[in-house]
Amino acid sequence: MPRALTIYATLREDLTAAALTTLAGEVRTHYEALVVAQETNELIAVDLAEALCVRLEELLKMAHLLDPESRAHIVGASRYFVSSIDEKPDEDSCTGLDDDVAVFNHVVRLLGRDDLIITD
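So the sequence shown is numbered by the working numbering: it starts at 5 and just counts up by one.
A portion of the hints provided could be inaccurate.
The following label-pair restraints were derived from C-beta to C-beta distances [to be verified]:
1. L47 x A23: 16 to 26 Å
2. A22 x T44: 17 to 27 Å
3. E95 x V58: 12 to 22 Å
4. S97 x P72: 33 to 43 Å
It is worth saying that the hints were derived from the structure and are not from the lab. We put the beta carbon where it would ideally sit given N, CA and C, even for glycine.
Construct the entire structure; sequences and hints are all you get.
So this is what it looks like as structure tokens:
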């Protein structure tokens, strides 16, 4: 996972409320694309994709209330989820989202939101 965290670090940025809303839409679109892709590749872990999508949307919805550093963490995790340049391609196998989950869990721990940790 060190490579995943390195990539995530490059994606971190504080965004405006409007840009956070746009990013939430991108998160939803990526999840929906994975659901469609699973129709031809049953190995895609849409359960993990859904867990990531719902939790990222929740964080993005309230991110404007947080400090800039916390927002940047949420943005980094969200961008990592939608990015095609992550450690493992999301569509490749049943483990394609493991790196996305690891990045997400890293971020929620930093935010003190252990209640959002994805365990499986």
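Results for each hint:
1. L47 x A23: 16 to 26 Å: violated, 33 Å
2. A22 x T44: 17 to 27 Å: Violated, at about 35 Å.
3. E95 x V58: 12 to 22 Å: Between E95 and V58, where Cβ atoms are some 20 Å apart, the hint holds.
4. S97 x P72: 33 to 43 Å: holds, 36 Å
Checked against the numbered hints listed earlier, the structure breaks hints 1 and 2; every other hint is satisfied.
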